[in-house]
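Visitor: Read off the chains here:
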Amino acid sequence: MNSSKKQGSLHLTEESTRSLYDKEIFVQNINQLITESELLKSLLKTFEEGEVLLEEGMPNKTLYVVLEGEVSQHKEGEDITADIGLLGPGEFCGLLSFQTGEPIFITIKAQSQVKTLAFDHNNFDLFYTKYPEISRTLNGLIFSNLAERYRNMLGLHLEVAKLTRELEKEKNQLRKTIKELERTRNAYISQEKMATLGELTAGLAHEINNPASALLRSVDYLSQNLSQLVESSAKFPSTTEIRYFFDAGLSREYADSIEQRGRMKSLAGVFSHLQRSKIRMVAEMNDDLIERLMPYSGKKSQQELLNLLIDAYQSGLFLNGIRLSTSRIEFLVKSLKSYSRQSGKSPEMTDIRNGIRETLQILGHRLKSVKVHLNLEEIPLINCFVGELNQVWTNLIINACDAMNDSGNLYISCGVNSANDLVWVKIADDGPGVPDKIKKKIFQPSFTTKTAGGDFGLGIGLAITQGVIEKHQGTISITDRDGGGAEFLMIFPIDE
Amino acid sequence: MPGKSKQKSNQIKFLTGLILGIIGFCLPLFFTFSGLSYAGHIALGIFLMAAVFWMFETIPIYSTSMLVIFLQVVLLSQQGVIFSDASLPTTTAKQHTSDSWLVPAEAVDGERIYIANDSRNYTAIDVKILDRADWVEIRSNELQTDAKIVSNANHKLVGYKPVSFSLFFGTLASPIIILFLGGFMLAGAAVKYNLDKNLTSVLLKPFGTKPGFIVLGLMVVTATLSAFMSNTATTAMMMTVAIPIVAQVAREDKFRIVLALCIPIAANIGGMATPIGTPPNAIAIANLGQQGINIEFGTWVVMMLPLVILLLFLAWLTMRFLFPTKLREFKLSLKVDFNKSRPAIILYLLFAATVLLWFTESVHGIPSSMVAFLPIAGLTVTGVMKQEDIRSLPWEVLWLVAGGIALGISMENTGLAMWLVSSISWDAFPQIVLLGVFGLVALNLSNFLSNTVTATLVIPLAISMGTSGIAGEGFSLVISSLAIAAACNMAMLLPISTPPNAIAMSTGFIKTPDMVKVGIVIGLIGIVATLVLSQLYWPFIIN
Amino acid sequence: MSDIYIICVEDEPQVLDVVIRDLEQLEEFFPIEGAASANDARQLINEIKEDGNRIGLILCDHIMPGDKGVDLLVEMQKDEFTQSTRKILLTGQAGLDDTIQAVNKARLNQYVSKPWKKEELLKIVIDELTDFVIETEDDLLPYLSVLNQEKLQEAIRSKGYI
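Residue numbers (the numbering used here), protein chains in the order written: chain A, 1 to 496; chain B, 1001 to 1543; chain C, 2001 to 2162.
There's no promise every hint is true.
As the list claims (entries may be wrong) - Straight-line alpha carbon distances no greater than 27 Å define the calculated DSSO-like cross-link-like pairs of lysine-lysine that follow:
(1) B:K1335 with C:K2151
(2) B:K1335 with C:K2159
(3) A:K299 with B:K1008
(4) B:K1511 with C:K2151
(5) A:K337 with A:K368
(6) C:K2151 with B:K1254
(7) B:K1511 with C:K2159
(8) B:K1148 with B:K1161
(9) B:K1008 with A:K265
(10) A:K75 with A:K45
(11) B:K1331 with C:K2151
(12) B:K1326 with B:K1205
(13) A:K115 with A:K45
(14) B:K1340 with C:K2151
(15) C:K2078 with A:K368
(16) A:K368 with C:K2117
(17) A:K265 with C:K2049
(18) C:K2105 with A:K368
(19) C:K2049 with B:K1008
(20) C:K2159 with B:K1340
(21) A:K426 with A:K334
(22) C:K2123 with B:K1335
(23) B:K1386 with C:K2159
(24) A:K265 with B:K1013
(25) C:K2123 with B:K1511
(26) A:K334 with A:K371
(27) B:K1210 with B:K1326
(28) A:K368 with A:K334
(29) B:K1386 with B:K1340
(30) A:K426 with A:K368
(31) B:K1386 with C:K2151
(32) B:K1205 with C:K2151
Just so you know, these hints were derived from the structure itself, not from any lab.
This is chain A alone, in the form it adopts within the complex (with noise of 0.2 Å):
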């Protein structure tokens, strides 16, 4: 076999006993004997090329021995064909089943013209009393023959088992490569999602900064100007009109700060001898209040009874301001905790449109310059995980304000289909919108529009949006808004 030969381990063993049983020599011998042997002349076949020597199954009643040309063997598996390999001159075909009996294991087919002995059982019998020398040569080379088909088989064995070691071996690399990605697929995730955590703690910080900023200053001089306030009222024939600007104060709406310059230069010229920043407060006064501080502007005796006055309608103010800044804080507080409850292991039946309120809400910083159309119709609740949803209101209005770069129209609609089993959510923006080419792309990870080095994220935000959405059993799409910008669609099914 000429797949044997490349067997380094038997070479040597083959050489040793060529010029016993040399094949060429053999078939030299057998064309010599051809030319004065009758019977040998008889036993000659030739076969085309193609034509079937020997068929897998059958019962085998002709031993072959190739004498010029190759055959090729093949092998039926139960779905594939395997090619043994070639038989050369001095090789012999369907040995084992001419001797045993046994159906033919082996397909043979003339690969070239082939020039062969056929020998019968009869013929095979006759040839043997015939021609003895050649006879025991014959043995000579049936045992090697088997003999070097037995070897082929151990080194076929040991082929296998080398074979399924390495294969084995590759089945672990890539089990740890998947491992691997898998890992830096999470650290991307996380890595985005940090990004996405870190835009919204910046925001809030902004949020709550200035409510607080608010707070803390007023608080200080609510606490100064009080106690002032308590001393000097006293003096004041009435408390009741103390009461009465406190309240006013308590009550204020803010003005348009180029109309108050306008009125602050007015009521300059009125309360002469008053500060600036007194005035300032008399021109956010409404007209009553003014009306009722006239009998104490012009003289500047009175003088302290109209800081008095005016320090109680500040006072007032502060107190709202307070009041407004403390509110304002609750209010982003409890959208936060409510915005980053952690999901459960199991959905929960949820108004999602909760969430978009929220998110709105903590992305405020974002929005300061873009209008917000809402429309969010009643719905009914859907089966999910509120953190995730949020994550995807979260990633698709950042897209939108990165693609409007902060200032524009954000429109954000939801309603439930005719057959009232699916709701969707559109979120669309009036920005450039996304090219076609790229709408394609949209959702594969690693894909960005965004510059790199630029604000956030690794661009696999709407890849994990996706994610996020066919965990829901839903779907995401990307159209063009009518009237430009880019509109994402998401349905999501109604469970029961």
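Starting from the known structure of chain A, arrange chains B and C on it as the hints suggest.
Guide: Frame of chain A; chains B and C shown alone:
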């Protein structure tokens, strides 16, 4: 608006000054004052206008000085519009009798007529009036036949000999200005290389930690520095030393007042010590210079130093008495870090050399203004003072002084100063009373006006009293000028009296009454001390 | 003599209230004006300019509806009238990019983060105004009692007039 009322009052002040100034300028054009020459009238107009503008600060005081020089060049110079083509009107006296002559009535000025030597020069001769008519009959031995006499005794060329415009311009390069420029250069370089700060630290160290002595130390150092640097810059610099101390003193402790007040007072007083200390000194020296009297740098210091020391000590005692300190001890943190770069070393050497040469004028005889050119040339040649440093020198102060000097020249040579002082018979008063009057006038004016302006207005009057003999025997030009200059510098009653006072007041640590209390003591005792020195000490130095 | 204004730009009225209140002690010398947005501020700047007054300092929030604070500051830096105005960013949050832009293009003088302490804010504002006054005014005396004395005295010293 906070500034509105202030703006309004500023506007009123501006308009009042402008109108009064213009009236002052025009007044002599419409009224003729007897005894005052034509040019004297012009000079009076300029004088009145300048005085008003300086008082009301209608325009910056240095620009008033520039305006003065401009008007003098245009109106009073030989090349100006009035005098460029002027020539004396002449006529011939008619011989009436053998010893009497007839001249036109306008040609007679009291008991004098003027013989014209050429178109611009004349000689006055005394005549005896015999008869007055359209033609006056006079008798004089000095008249000869065909003598050309000036036909109009009120002509503009009578009583005033026009001077070249370059004389007015030249005031800006007069020796005293150069002396000042030298001082400015040294002071500017000292500030640039922090010599003033380091000297302060070094000099303050020996004064220890007792608040009283710290104040004394601050005063001595301030006075010393302000003798060579501008009083304002010294005050500002010393304030940076004092402010950290103030910050650590309890709000109700009067030590705060003392700290903020001692510095401007010392700066004002210290300015008296040297000719370059403050501009009034320059005005005094310049006016004396016009009369050919040279005051050496060292002489000035020797004369003034006792007064300076006395006033410093007095101010210190007054403040200790008025504002007792609760603080027992205070540790000053003084950093000495002399700049050791090449230009700084050059500055130290030039500074030392200049001051040494100034004080030793009597030995080597080189005038102080010549010495002053040593730092001017030295600091620029060596690159210690660069273009931008020279640009930042207070040139307007030099203009202010130059204008003052120029005004003094015209007051003198048009006879204006003489005319102003001759209305009272001063010789009836003893010398010391005269000096006292001048001192008080200068002190009072200077409390409201710039010291320099006061000196400019008052010193020429004193000088002309002395030169004309109106003041009587024994009136010393030097003593009177010094006394007036000293009086000008002693004015520190109000925040507006001097820039150092304004700085101290602006800090917000002191109130005007605090300043007034100390100011009154220093002003009054200062004048008395000056009078005492003028009688018992100064005469010996001059001789 | 023209007035030197302080401008505060802040979109949240309660915050604007307290900012102005914090600076109140400066008001006697430096009139304070508030603006609720960059556009408001622009109008205010124009009014002050037309009245012949000047702007010594602007205290500006960054995140506001309409134009951002940094945009306004950059714009002011380009305008001759407001070039010397001291510029302070008072904000709870401004991204690194915005801050870099503010420093590079608007010559931002200070960055104050919210919430602030009154004393710190006052000190910063006083220091900046001191620099403005030293840079633009000839007569520094009126400011000695309100602004940074030491800096002013130092400036008077180096200006070195008599």
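Visitor: Does each hint hold? Answer for all of them.
Guide: Each hint tested on the structure:
With a CA separation close to 18 Å, the supplied pair K1335 of chain B and K2151 of chain C stays within the 27 Å bound. For the hint pairing K1335 of chain B with K2159 of chain C, the CA-to-CA distance comes to about 23 Å; that is within 27 Å, so the pair holds. Distance restraint check for K299 of chain A and K1008 of chain B: the Cα-Cα separation of roughly 21 Å lies within the 27 Å cut-off, and the hinted pair is therefore satisfied. Between K1511 of chain B and K2151 of chain C the alpha-carbon distance is near 22 Å, which keeps this suggested pair within the 27 Å criterion.
The straight-line distance between the Cα atoms of K337 of chain A and K368 of chain A is roughly 22 Å, inside the 27 Å bound, and the hint therefore holds. Restraint check for K2151 of chain C and K1254 of chain B: satisfied, since their Cα atoms lie roughly 24 Å apart, inside the 27 Å limit. For the hint linking K1511 of chain B to K2159 of chain C, the alpha-carbon distance of about 26 Å falls within 27 Å, and the restraint holds. As the CA atoms of K1148 of chain B and K1161 of chain B are separated by approximately 19 Å, the hinted pair is consistent with the 27 Å bound.
For a cut-off of 27 Å, the pair hint linking K1008 of chain B to K265 of chain A stands: about 17 Å separates their Cα positions. Our distance criterion of 27 Å between C-alpha atoms is met by K75 of chain A and K45 of chain A, whose separation comes to about 24 Å. The straight-line distance between the Cα atoms of K1331 of chain B and K2151 of chain C is roughly 22 Å, inside the 27 Å bound, and the hint therefore holds. Proposed proximity of K1326 of chain B and K1205 of chain B is supported: the alpha carbons are some 22 Å apart, at most 27 Å.
In summary, the hint linking K115 of chain A to K45 of chain A is supported, as the alpha carbons are separated by about 6 Å, within the 27 Å threshold. For the hint linking K1340 of chain B to K2151 of chain C, the alpha-carbon distance of about 25 Å falls within 27 Å, and the restraint holds. For the given pair, K2078 of chain C sits about 26 Å from K368 of chain A by alpha-carbon distance, which is consistent with the 27 Å threshold. Between K368 of chain A and K2117 of chain C, the direct Cα distance comes to roughly 26 Å. Compliance with the 27 Å bound is thereby established for this hinted pair.
With a C-alpha separation of about 16 Å, the suggested pair K265 of chain A and K2049 of chain C falls inside the 27 Å cut-off, and the hint holds. For the hint pairing K2105 of chain C with K368 of chain A, the CA-to-CA distance comes to about 24 Å; that is within 27 Å, so the pair holds. Using a Cα cut-off of 27 Å, the hinted pair K2049 of chain C and K1008 of chain B holds, with the two alpha carbons roughly 20 Å apart. About 23 Å separates the Cα atoms of K2159 of chain C and K1340 of chain B, which keeps this hinted pair within 27 Å; it holds.
At roughly 25 Å between alpha-carbon atoms, K426 of chain A and K334 of chain A fall within 27 Å of each other, so this suggested pair holds. At most 27 Å may separate the alpha-carbon atoms for a hinted pair to count; K2123 of chain C and K1335 of chain B meet this at roughly 25 Å. A threshold of 27 Å between alpha carbons decides the hint, and for K1386 of chain B with K2159 of chain C the separation of about 15 Å falls inside it, so the pair holds. A distance of roughly 26 Å separates the Cα atoms of K265 of chain A and K1013 of chain B; the hinted pair therefore holds under the 27 Å criterion.
A C-alpha spacing of about 25 Å is found between K2123 of chain C and K1511 of chain B, which places the hinted pair at or below 27 Å, so the restraint holds. Under the criterion of a C-alpha separation no larger than 27 Å, the hint pairing K334 of chain A with K371 of chain A is consistent with the structure, at around 23 Å. Between K1210 of chain B and K1326 of chain B the alpha-carbon distance is near 11 Å, which keeps this suggested pair within the 27 Å criterion. A distance of roughly 20 Å separates the Cα atoms of K368 of chain A and K334 of chain A; the hinted pair therefore holds under the 27 Å criterion.
Of the pairs offered as hints, the one joining K1386 of chain B and K1340 of chain B holds, with about 18 Å between alpha carbons and a cut-off of 27 Å not exceeded. Of the supplied pair hints, the one linking K426 of chain A and K368 of chain A holds, its CA atoms being roughly 21 Å apart against a limit of 27 Å. Distance check on the hinted pair: K1386 of chain B and K2151 of chain C sit about 24 Å apart at the alpha-carbon level, within 27 Å; holds. In summary, the hint linking K1205 of chain B to K2151 of chain C is supported, as the alpha carbons are separated by about 24 Å, within the 27 Å threshold.
Comparing the model with each earlier hint shows no violations; every hint is respected.
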